[in-house]
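> Residues per chain are reported as follows:
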Amino acid sequence: SQTIHQWPATLVQPVGSPLSLECTVEGTSNPNLYWYRQAAGRGLQLLFYSIGIGQISSEVPQNLSASRPQDRQFILSSKKLLLSDSGFYLCAWGRNGTPGKLFFGSGTQLSVL
Amino acid sequence: GQQVMQIPQYQHVQEGEDFTTYCNSSTTLSNIQWYKQRPGGHPVFLIQLVKSGEVKKQKRLTFQFGEAKKNSSLHITATQTTDVGTYFCVAGTASKLTFGTGTRLQVTL
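Top to bottom, those sequences are chains L and V. Residues in the first sequence are numbered consecutively from 1, following this note's numbering. Residues in the second sequence are numbered consecutively from 114, following this note's numbering.
Bear in mind the hints are in silico, worked out from the structure with no lab data behind them. Worth double-checking, as some hints may not be accurate.
Claimed, not checked - DSSO-like mimics (lysine-lysine), calculated; alpha carbons at most 30 angstroms apart, straight line:
1) L:Lys79 to V:Lys183
2) V:Lys149 to L:Lys101
3) L:Lys101 to V:Lys170
4) V:Lys209 to V:Lys183
5) V:Lys164 to V:Lys183
6) L:Lys101 to V:Lys183
7) V:Lys170 to V:Lys149
8) V:Lys209 to L:Lys101
9) V:Lys170 to L:Lys79
10) L:Lys80 to V:Lys169
11) V:Lys172 to V:Lys149
12) L:Lys80 to V:Lys172
To be verified - Residues from chain V shown here face chain L by an in silico Cβ test under 8 angstroms; the list is partial:
13) Pro156
14) Phe158
15) Gly205
16) Ala207
17) Phe212
To be verified - Pulled a few chain L residues facing chain V out of the computed Cβ check, cut under 10 angstroms:
18) Gly41
19) Arg42
20) Leu46
21) Glu59
22) Ala92
23) Pro99
24) Leu102
25) Ser106
26) Gly107
27) Gln109
28) Val112
Beta carbons are placed, not taken as given, at the ideal position from N, Cα and C, and that holds for glycine.
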């Protein structure tokens, strides 16, 4: 069966510090991978998605970047965090091809202080 | 760009009352998905609708896809406290998924 792992669960970082959130998927190959951000009490905003190794599409201009160094690994990074980067970050995977059902990780609550 | 609006944003019901959330897209869709997110949790897939006018049921939940494939609804009959959470529709086209704004449901005894 497929599983998705996302860590850490919570993170408190000072403004200006770097960020690295990691997500890995097991039990499937060549998945579509996604990073979403959710502000408190709000909907999900798609940040990045990837259909293959090294292929990253950005949905919104921002202070963040994403990388996919391996087929089932998706990393969200920032060189210098801003207060506005605070939020709940969710990684998700879906089967390759036409976008379908998404399976979400448990999320990372990031607080930038 | 594509917009997916849900109404209401928030609804508070007493246990046993019915609940409906509506989802409207600005464009014609390939499919519509529904997810539930419990407080503090992550979205969990509920169902996908593909056909025009399609209706699917899961126990007390009824999902409907509009004839024009631009809107959808989720109806919960006789809500229970376990139904608490935010319900998102997700609009699917050939190339992307777009989350709706969500409806937060609160159920009290």
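> Now, for every hint given, state plainly whether the structure supports it.
Now the hints, each set against the structure:
Taking the CA atoms of L:Lys79 and V:Lys183, the gap is about 40 angstroms. The hint is violated against a cut of 30 angstroms. At most 30 angstroms may separate the alpha-carbon atoms for a hinted pair to count; V:Lys149 and L:Lys101 meet this at roughly 13 angstroms. Between L:Lys101 and V:Lys170 the CA atoms are separated by roughly 18 angstroms; this keeps the pair inside 30 angstroms, and the hint holds. With a CA separation close to 15 angstroms, the supplied pair V:Lys209 and V:Lys183 stays within the 30 angstroms bound.
Distance check on the hinted pair: V:Lys164 and V:Lys183 sit about 11 angstroms apart at the alpha-carbon level, within 30 angstroms; holds. At most 30 angstroms may separate the alpha-carbon atoms for a hinted pair to count; L:Lys101 and V:Lys183 meet this at roughly 19 angstroms. Between V:Lys170 and V:Lys149, the direct Cα distance comes to roughly 15 angstroms. Compliance with the 30 angstroms bound is thereby established for this hinted pair. A C-alpha spacing of about 11 angstroms is found between V:Lys209 and L:Lys101, which places the hinted pair at or below 30 angstroms, so the restraint holds.
Our distance criterion of 30 angstroms between C-alpha atoms is broken by V:Lys170 and L:Lys79, whose separation comes to about 47 angstroms. A distance of roughly 47 angstroms separates the Cα atoms of L:Lys80 and V:Lys169; the hinted pair therefore is violated under the 30 angstroms criterion. Taken as a hint, the V:Lys172 and V:Lys149 pair is honoured in the structure, with Cα atoms around 15 angstroms apart against an allowance of 30 angstroms. A hinted pair counts as satisfied when its Cα atoms are at most 30 angstroms apart, and L:Lys80 with V:Lys172 does not qualify at roughly 48 angstroms.
Nearest Cβ of chain L to the Cβ of V:Pro156: about 5 angstroms, under the 8 angstroms cut. The hint holds. Proximity of V:Phe158 to chain L holds as hinted, the smallest CB-CB distance being about 5 angstroms (cut-off 8 angstroms). Restraint check, V:Gly205 versus chain L: the minimum CB separation of about 6 angstroms is within 8 angstroms; hint holds. Annotation: V:Ala207 was flagged as interfacial toward chain L, and the flag holds, the nearest CB pair being 6 angstroms apart, inside 8 angstroms.
Among the interface hints, the one on V:Phe212 holds; its C-beta lies about 4 angstroms from the nearest C-beta in chain L, closer than the 8 angstroms criterion. Of the supplied interface hints, the one on L:Gly41 holds, with its beta-carbon coming within about 7 angstroms of a beta-carbon of chain V, less than 10 angstroms. Using the Cβ-Cβ criterion of 10 angstroms, the hint placing L:Arg42 at the interface with chain V is satisfied: the shortest such distance is roughly 8 angstroms. Taking 10 angstroms as the C-beta cut-off, the interface hint given for L:Leu46 holds, the closest approach to chain V being about 7 angstroms.
For L:Glu59, the interface hint holds, the least distance from its beta-carbon to any beta-carbon of chain V being 9 angstroms, beneath 10 angstroms. Among the interface hints, the one on L:Ala92 holds; its C-beta lies about 8 angstroms from the nearest C-beta in chain V, closer than the 10 angstroms criterion. Because the smallest distance between the Cβ of L:Pro99 and any Cβ of chain V comes to about 5 angstroms, under 10 angstroms, the interface hint for this residue holds. The closest approach between the C-beta of L:Leu102 and any C-beta of chain V is roughly 7 angstroms, which is under the 10 angstroms cut-off, so the hint is satisfied.
Interface restraint check: L:Ser106 against chain V, minimum CB-CB distance 6 angstroms, threshold 10 angstroms, status holds. About 5 angstroms separates the beta-carbon of L:Gly107 from the nearest beta-carbon of chain V, less than 10 angstroms, and the hint is met. Checking L:Gln109 against chain V: minimum C-beta separation of about 9 angstroms stays under 10 angstroms; hint holds. Taking 10 angstroms as the C-beta cut-off, the interface hint given for L:Val112 is violated, the closest approach to chain V being about 19 angstroms.
Hint compliance for this structure: hints 1, 9, 10, 12 and 28 are broken, all remaining hints hold.
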